[in-house]
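Visitor: Residue-level listing of the chains:
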Amino acid sequence: MERSINHKVFYPHPPEVVWDYLTKAELMEQWLMKNNFELKLGHDFQFTVGPIPSMDFDGIVYCKVLEIEPLKKLTYSWKCGPGNGKITIDSIVYWTLLAKDNGTELLLENSGFKEANFNVVIFNAMEQGWLANMNKIYKILNETKNGSTGA
Amino acid sequence: MAVPALDVFQVIADPSRREMMRMLSEKSLPINSLAEHFDMSRPAVSKHIKIMYNAGFISIEDIGRERYCTLKKDGFDELQKWISFFDNFWKTKLKDLETLLNNKIKKS
Numbered sequence: 001m002e003r004s005i006n007h008k009v010f011y012p013h014p015p016e017v018v019w020d021y022l023t024k025a026e027l028m029e030q031w032l033m034k035n036n037f038e039l040k041l042g043h044d045f046q047f048t049v050g051p052i053p054s055m056d057f058d059g060i061v062y063c064k065v066l067e068i069e070p071l072k073k074l075t076y077s078w079k080c081g082p083g084n085g086k087i088t089i090d091s092i093v094y095w096t097l098l099a100k101d102n103g104t105e106l107l108l109e110n111s112g113f114k115e116a117n118f119n120v121v122i123f124n125a126m127e128q129g130w131l132a133n134m135n136k137i138y139k140i141l142n143e144t145k146n147g148s149t150g151a
Numbered sequence: 001m002a003v004p005a006l007d008v009f010q011v012i013a014d015p016s017r018r019e020m021m022r023m024l025s026e027k028s029l030p031i032n033s034l035a036e037h038f039d040m041s042r043p044a045v046s047k048h049i050k051i052m053y054n055a056g057f058i059s060i061e062d063i064g065r066e067r068y069c070t071l072k073k074d075g076f077d078e079l080q081k082w083i084s085f086f087d088n089f090w091k092t093k094l095k096d097l098e099t100l101l102n103n104k105i106k107k108s
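Taken in order, these protein sequences are the chains called D and X.
Per the numbering used here, residue 1 is the first one in the first sequence, and the count goes up by one each step.
Per the numbering used here, residue 1 is the first one in the second sequence, and the count goes up by one each step.
The following block holds chain X by itself, in its conformation from the complex (with noise of 0.2 Å):
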């Protein structure tokens, strides 16, 4: 089945792409299992999963028999990983400027 190349608002505009990667949030899922949950074809819940797939918004993963599909959060992870490190930095800078410019009072 040919797969459509979609935008993010194409891709989480569907109301069945949603449920899917709100259940995806919860935890990992075999595909199987995600199909089970929904009434269309299998091909047509394939179909959904590749194009969320190709929008970076889920990855698959082979265990065993079953192909599990995984919501991908590191990017959240990262970008978090990233706001606490530069939080601190900015507090500790602030403070480092603020110990410069008292300083520079007390000598003059």
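For reference, chain D alone in the conformation it holds in the complex (with noise of 0.2 Å):
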């Protein structure tokens, strides 16, 4: 089951520009959404676009700026929900540039989804079989460090 979302562009734009793109408001609501983005660590923002109802999705996007290493690297939290401050889904996205070939190379990773996360990774070991072959494994340890006595 894949559980992080990543994209790599390429712009044949400086990292300066691409971002400003990232990091001012009236520039990121033209291509990203509507929102009150501020270049400040710790700084709570919405994105807003209209509600998903078959989604249930209310259409606002919760943030918070997390890291900010200017040209380089941006992140702020991504959570949204169906309404009422209910949050269903709590991630984190991460934007890294990296200047390349007159241009810059995007990185995109919207990852850390909470949301039954744990439970997501149980299931797939059970599917797996793992974590059964790992207690095995922590058995035979066990038994050959008791059994060496010879009991």
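Mixed in with the good hints, there may be bad ones.
So the derived list for chain X, only partly shown, Cβ under 10 Å to chain D, looks like this [stated by the list, open to error]:
{"hint": "1", "residue": "R65"}
{"hint": "2", "residue": "R67"}
{"hint": "3", "residue": "Y68"}
{"hint": "4", "residue": "E78"}
{"hint": "5", "residue": "L101"}
If you're looking for bench data, these hints aren't it; they were derived computationally from the structure.
The model shown is predicted, which means the values in this text are computed figures rather than measured ones.
Don't be surprised by glycine CBs; every beta carbon is placed ideally from N, CA and C.
Join these two chains into a complex; the hints should help.
Guide: Dropping the structure here:
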């Protein structure tokens, strides 16, 4: 099961230009969504679009700026839900900019989905039998240790 | 029988419970069928089921005279739906940004 989103794009524009489009509210709005972003660590902001009832999404993405490394890195939380402040999706968006070939390679990672995340890990582990295998190994190791007394 | 409140680690730490969940990952089963596979008393099986139920790993539904256990996969499916949605979302948006940046160059 895929649990993170990754995209890599190359833009034939310097990182300064791409950075502006990632960090200036009025420029972000032109390609992303309406927002009240500010380039300040810890700043809480929202993106707003129209609600999407089929997704149980009220159209507001709640974010907080988590990391800023000018022209290189920008990280914010990315949470949304059906409304009334209920959050069903709790994830993180990571932007990374790399100057390359007279342009910018932009990496987007949207990951850290917390919802049922732990269950997913367990579920996958069960399906693949890993957990059972690891338990067997653990048992064998223990038995070997205890068995060495000749009992 | 008193059922202790366990965290997820404790829930999956038990080999019998793991085996029950593995069986339920294939299909829903009545508690009676589940119990047949295990060499333990019926109350002991019920206790394991209650523990998994309390921790949100399974749901229980009465069908006829049987109580059916189902592994709760809803959470996983729901998450997958959102990930696909945002995957497409970002793909489209990054394309929009490209168009925007390229138009900007043409204008300047």
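Visitor: None of the hints should be skipped; say for each whether it holds.
Guide: Hints, verified against the model:
no., hint, result
1, R65, "29 Å, violated"
2, R67, "22 Å, violated"
3, Y68, "19 Å, violated"
4, E78, "7 Å, holds"
5, L101, "5 Å, holds"
Hint compliance for this structure: hints 1, 2, 3 are not met, and every other hint is.
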